[in-house]
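Chains as they are written, first to last, in our numbering: chain Y, 1 to 239; chain W, 1 to 102.
Worth flagging that the hints you see were computed from the coordinates, not collected in a lab. Note that beta-carbon positions come from the ideal geometry of N, C-alpha and C, so glycine has one too. Accuracy of the hints is not assured; some may be wrong.
[Stated by the list, open to error] Between beta-carbon pairs, the in silico distance windows are:
id	chain 1	residue 1	chain 2	residue 2	range
1	W	56	Y	14	47 to 53 Å
2	Y	127	W	83	33 to 39 Å
3	W	26	Y	102	15 to 21 Å
[Stated by the list, open to error] Partial selection, computed: residues in chain Y whose CB lies under 7 Å from chain W:
id	residue
4	172
5	184
6	186
7	192
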Amino acid sequence: MIVDMRSFWRTLDRGSLRDIALVCLADAIVGASFGAITVSGGLRPWVPITMSVLVFAGGAQFAAAGVVLAGGSPAAAALAGLVLNARLLPYGFTVADTVGGRWWTRLLGAQLITDESVAFTLRQHEPRQRRITFWTCGVALFGCWNVAVALGVLAGAVLRDTGSLGLDAAFPTVLLALVLPSLADRGTRNAALAGAVIAVAATPFLPAGLPVLLALAGLALARRPAATAADANPALEVR
Amino acid sequence: MPLLAIAALAAGTYAFRLAGPVFRHRMRIPDRLQRLLSVATAVLLTALVATAALTQGQGFAGWARPTGVLVGGALALRRAPFPVVIVAAAATTAGLRLAGLP
Numbered sequence: 001m002i003v004d005m006r007s008f009w010r011t012l013d014r015g016s017l018r019d020i021a022l023v024c025l026a027d028a029i030v031g032a033s034f035g036a037i038t039v040s041g042g043l044r045p046w047v048p049i050t051m052s053v054l055v056f057a058g059g060a061q062f063a064a065a066g067v068v069l070a071g072g073s074p075a076a077a078a079l080a081g082l083v084l085n086a087r088l089l090p091y092g093f094t095v096a097d098t099v100g101g102r103w104w105t106r107l108l109g110a111q112l113i114t115d116e117s118v119a120f121t122l123r124q125h126e127p128r129q130r131r132i133t134f135w136t137c138g139v140a141l142f143g144c145w146n147v148a149v150a151l152g153v154l155a156g157a158v159l160r161d162t163g164s165l166g167l168d169a170a171f172p173t174v175l176l177a178l179v180l181p182s183l184a185d186r187g188t189r190n191a192a193l194a195g196a197v198i199a200v201a202a203t204p205f206l207p208a209g210l211p212v213l214l215a216l217a218g219l220a221l222a223r224r225p226a227a228t229a230a231d232a233n234p235a236l237e238v239r
Numbered sequence: 001m002p003l004l005a006i007a008a009l010a011a012g013t014y015a016f017r018l019a020g021p022v023f024r025h026r027m028r029i030p031d032r033l034q035r036l037l038s039v040a041t042a043v044l045l046t047a048l049v050a051t052a053a054l055t056q057g058q059g060f061a062g063w064a065r066p067t068g069v070l071v072g073g074a075l076a077l078r079r080a081p082f083p084v085v086i087v088a089a090a091a092t093t094a095g096l097r098l099a100g101l102p
């Protein structure tokens, strides 16, 4: 990663603020979709709102709600969400020093660890700038996400006949847009496609929710990349 | 979706997040595990896309929905804005149903 010398000593330059605002806006649209799709799909309004505050992870929220809406068991829904959120574990180690040393900053900061807040934090190199970036991005995203979900819930509650509006296509499309960038890597793509075939093939025979978990068998196809450890693990390299 | 499932997902997620800040000096995540977790994320999301696009209950969802998802995916590949992607997918599916395709 190249150090941007102009912004190096400033607290939070204008460009970073603008980028954070843009990501907040993009996430707000995803959040509003989540609220609207889940409620129009038949979930009670408190479900997406409670999930968004407590889980605060878009992919896992969509995944868990999707399993339930497809008729899957709550346990399968929670498990699918947890598999997705396991990626937050290495993130936590990456930004551990930024989150802080006092027990209460760790407890609060942990909830703000997301793909976006970690990515923005790692763009900064000076510890103070990292702290300011992490907390600014984390708090802004938390606020935008939850307000947007609540607004989406209000919008979804007035929608009737979601089938004729094509809203059932919106849910898989959101997930597709989220996952597409990571499929650029060939090993990941092979594993993902194999998993998708397994899940669809198993759907007629297994209770809803299980085929998606069975897709993890596709991981066997993910060959180790020929890259060095540092390439595969840029987060720890910059630390 | 019962509160217990949400609580379990929330508690587990919070544990994943908090482990780093709490145990940072006592352990380290191996590179292999890190790589495995990121691939697992993609595998699970892709499987969700496929099953949610193609199946309804334990049968085929009909052609309208997967066609809409394909249109949205093509637009996403071309870096269309997120709202355009979603609206195009829903509109395609709605249009096909209006034309009589289930």
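Now the hints, each set against the structure:
1. Range check, residue 56(W) to residue 14(Y): about 48 Å between beta-carbon atoms, so the 47 to 53 Å window is met.
2. As the Cβ distance of residue 127(Y) to residue 83(W) is approximately 37 Å, the hint placing it in 33 to 39 Å holds.
3. At about 18 Å, the CB distance of residue 26(W) to residue 102(Y) agrees with the hint of 15 to 21 Å.
4. Interface restraint check for residue 172(Y): the shortest CB-CB distance to chain W comes to about 4 Å, inside 7 Å, so the restraint holds.
5. For residue 184(Y), the interface hint is violated, the least distance from its beta-carbon to any beta-carbon of chain W being 10 Å, above 7 Å.
6. The interface hint given for residue 186(Y) is broken, as the beta carbon of that residue sits about 11 Å from the closest beta carbon of chain W, more than 7 Å.
7. Using the Cβ-Cβ criterion of 7 Å, the hint placing residue 192(Y) at the interface with chain W is satisfied: the shortest such distance is roughly 4 Å.
Violation of the numbered hints given earlier is confined to hints 5 and 6; the remaining hints are satisfied by the structure.
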